[in-house]
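Student: Just so you know, the protein sequences line up as chains A and B, in that order. Just so we're aligned: 42 in our numbering is position 42 of the first sequence, and the numbers increase by one with no gaps anywhere. Numbers in our numbering are just positions in the second sequence, counted from 1, shifted up by 1000.
Everything labelled a hint here was simulated from the structure, so no lab data went into it. These numbers come from a predicted model, not from an experiment. Every residue gets a Cβ at the ideal spot worked out from N, C-alpha and C, and that includes glycine. Any given hint could be a false lead.
[Claimed, not checked] Derived DMTMM-like pairs (lysine to aspartate or glutamate); straight-line CA-CA distance at most 20 angstroms: (1) B:K1258 x A:D41; (2) B:K1374 x B:D1328; (3) A:K300 x B:D1262; (4) A:K300 x B:D1328; (5) B:K1194 x A:D41.
[To be verified] Computed far set for chain A versus chain B, every beta-carbon distance over 10 angstroms: (6) G27; (7) Y33; (8) R48; (9) A163; (10) V287; (11) Q288; (12) L320; (13) P341.
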Amino acid sequence: MRLACCFLLGASLVLAEPPLSIRLAPGDDKTGYRRADYQTDSLSLARRRGSAIDLAANARAEHLGLPPLADFQVAAPNAGAIQLGRKLFFDRRLSRNRTMSCAMCHIPEQGFTSNELKRPIGFEGRGVKRNAPTLLNVAFNQRLFWDARERELAQQIWSPLLAANEMNNPSVGYVLDQLHADPHYRELFQQAFGEPANILNTGLALAQYQQSLIAANSRFDRWYFAGDQAALNAQEKLGFRLFTGKAACSSCHLIGAQYALFTDHQLHNTGVGYQESMQKTPATVTVQLAPGVQVAVDQKLVSTVGEAKENDLGRYEVSLQPADRWKYRTPGLRNVALTAPYMHNGEFLSLQAVIDFYNRGGVQHELLSPLIRPLGLVESEQAALRAFLVALTGGNVAQLVGDAFAAPVGDTTASPQ
Amino acid sequence: MDKPYLPFYKLATVLLLLAGFAVQADETCMSPYMAKIVGQEDFVYVWTLGEEGLGDEQDKLVTIDVNPASPNYGQVVHTLSVGGRNEAHHSGFSDDRRYLWAGGLDTSKIFIFDVHSDPAKPKLHKTIDDFVAKSGGVVGPHTFYALAGRMMITGLSNNKDHGGRTAMVEYSNKGEYIATHWHPTDDSLNGAEKSGKYADGYGYDVRVLPRRNAMFTSSFTGWSNYMMDFGTMLADEEAMKRFGNTAVLWDLHTRKPKKVFDMPGAPLEIRCAWQPNHNYCFTTTALTSKIWLLYEDANGVWQAKAVADIGDPSKVPLPVDISITSDDSGLWVQTFMDGKTRYFDITDPFAPKQVYEKVIGAQLNMISQSWDGKRAYFTSSLLDNWDKKGDQDEQFFKAYTWDGKELNLEFAVDFKAEKLGSAHQMRFGAYGLYGLQRPYAARDIAAGE
């Protein structure tokens, strides 16, 4: 209890203003769209407003349930660098044709991922073969990307900035030229780093913003780490017991004694990737044409208008070891209720679909992790597990999203012509 | 050309004299505020998408000579590359018809071409590249619809989530930003009546019926979907939830939304009837394959009704462009997937009946017909990443004549063989509009047409 009280005090110092009512879901919420009685729940973009918060303070603060950032950080939080990184993150001009920012795929109110697509769309509409991970608590990931191919946030930025199907910049130098040419960026880089933009400090700035996106102090944390019995209800507590017991989720999604990252930082084969690569192509695709209207469309017709799906072999693509086929990094599960659709390919649209999958024992094949097996969870147990996962949403996500709403979106302003 | 702007009535008189027969306008989807061509159009301007690996790979305005009396008849007489692949899509003339505004759905750039100085050789007059910033975050300028002294531009998306919530944006003829009109959403109906279950805030096309002070908009989808590989999207259940299901009636004068209609399955092009006592407009839903009628009922209240199916909706034929005849008796409907054009008899607007169909190509999107309905032009491309793949990705411009019973192919331009790109929207040009003489001797072409 004491800890919880102190933390809350700390958190209130972090906040500039009381939290606004911010929807932690797409502003254009399509819940229930499959049903004929679906009603829209669409918010005007004018209402997408929030207040800036002190992100450096958020980065430095103790967050109930998480280890200190100091053990993971790229560099000590620095307000100037964070502000610079925040501006870069939302700047659509940072792509070759000035339409894609980091935030177009890592959308703040959509859990800093994209709820509206299984796999995001980049430069000129080119597809990216994996689901975009959340950036909340990304600082605590020891390795980055679903196949763990990258080590540090400050390096990671060059992958999307240069990838032909993401932001498609022709070179590092081209990106730096753009930043050097912009008087506002020149000034911000001087202030934050005392030098012009370069390959290192551009990465540092974006890393500084991303590592400040710490969201914990969930109801689970208040119950488990601060002993607040009322923070979780009986169903959620049952879900916890299943998560750590009968369903053995915590053998990979770890919960420690002092804190919980819900990941072992290892790679496992759960069968999701195997299924995607090896299953026979179904004869029809079920297509939702409108609320309550679905049709089965012949796969042959769909393939006349579709590119062949890119294969995904997981960690194997990095290591070239056959044993690594379809192995993916265990994602942390904090804020998981906000980050649908799920898994490296966005295959599952809901937490229930994920639980169904684990309950079936994943997909049987030679390389399946021995930790994945049929679980025999009855319906009430599945509901409890789901309720537990929903209780992992951080208490301060709305503030971080509100801060993102307050950030300027970079678009072309001057007309040189 | 240093002539001042010609008001519609003067221009019409001039043209009537030039052409010698009494019709009022060219293709039938133009704004009623616009100066009109009469008789034979000289050019079709095709706003064309650049394709990777083809020719110069960039978007361009392609000018095709379509006057049978011209020595260049049936030929590409000019191309103007604008730089980049912007997802070239639709275009529209300013009300004085001297400029053609053409948009890019990806980069949100707007290219304004001077088509009056030399109608055979359009020039790039101005590029607007700050549309998104100026409009307050609207992405994907789609329809360019002339109002008096203004250009009304519909958006498809926004710069916050690349989803479907969007706005109409109003510009002056000079290319200066004036106002943004957001489509009504559940929390911000802005005075509109939500007549059904939906108020999604999506946008697509705009048309007006000035005599009823009515403006109508339809609804499509956001950047993520219209830019995405079509096959991938069909299989993405999340993406398929992000389509517009509404049409909106606006007060044309005040630009305020008045009524939101449920219209499930992405209503696209809107075409209003021309006859003075016909207070209705048609649209078609792309995904659910229906013709919808927006009409004023006996009490003067605007209503929406699904009045016909297009092909077999369960096969998703994907109706895209439509075109109404100037006497309001027929509606051409193009279905993308089967490459067909279909002609509906709409003499009873509440009961359209398909009376003719013809396969134009492996895929089909746009149609432009002459005011007299005797000529119809077709192009192939829908959206860069929605177009068919491989051999079926035919890219063409095809010119037909229509005798009321049969479409007869007059000539075709293969946009791939010519290394041009993917042919999208068409607009007509004519020397007579600007008081210019055709640079070749007139021949009698009326016979046999």
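Student: Run every hint past the structure and note whether it holds.
Tutor: Verification of the supplied hints:
For the given pair, K1258 (chain B) sits about 19 angstroms from D41 (chain A) by alpha-carbon distance, which is consistent with the 20 angstroms threshold. The hinted pair formed by K1374 (chain B) and D1328 (chain B) meets the criterion: a straight-line CA distance of about 14 angstroms does not exceed 20 angstroms. For a cut-off of 20 angstroms, the pair hint linking K300 (chain A) to D1262 (chain B) is broken: about 32 angstroms separates their Cα positions. Between K300 (chain A) and D1328 (chain B) the CA atoms are separated by roughly 38 angstroms; this puts the pair beyond 20 angstroms, and the hint is violated.
Taking the CA atoms of K1194 (chain B) and D41 (chain A), the gap is near 12 angstroms; set against the 20 angstroms cutoff, the hint holds. For G27 (chain A), the shortest C-beta to C-beta distance to chain B comes to about 7 angstroms, within the 10 angstroms cut-off, and the non-interface label is violated. Against chain B, the non-interface label of Y33 (chain A) is violated: not every CB pair exceeds 10 angstroms, the least being about 4 angstroms. The Cβ of R48 (chain A) does not lie farther than 10 angstroms from every Cβ of chain B; its closest approach is about 6 angstroms, which violates its non-interface assignment.
The claim that A163 (chain A) is not at the interface with chain B holds, since no C-beta of that chain comes within 10 angstroms of its own (minimum 16 angstroms). Non-interface call for V287 (chain A) relative to chain B: violated, since the shortest CB-CB distance, roughly 5 angstroms, does not exceed 10 angstroms. Taking the minimum C-beta to C-beta distance to chain B, about 4 angstroms, the non-interface status of Q288 (chain A) is violated against the 10 angstroms cut. Against the 10 angstroms criterion, L320 (chain A) stays outside the reach of chain B, whose nearest CB is about 27 angstroms from its own CB.
With a cut of 10 angstroms on Cβ distances, P341 (chain A) falls inside the contact zone with chain B, its closest approach being about 6 angstroms.
Hints 3, 4, 6, 7, 8, 10, 11 and 13 from the earlier list are contradicted by this structure; the remaining hints agree with it.
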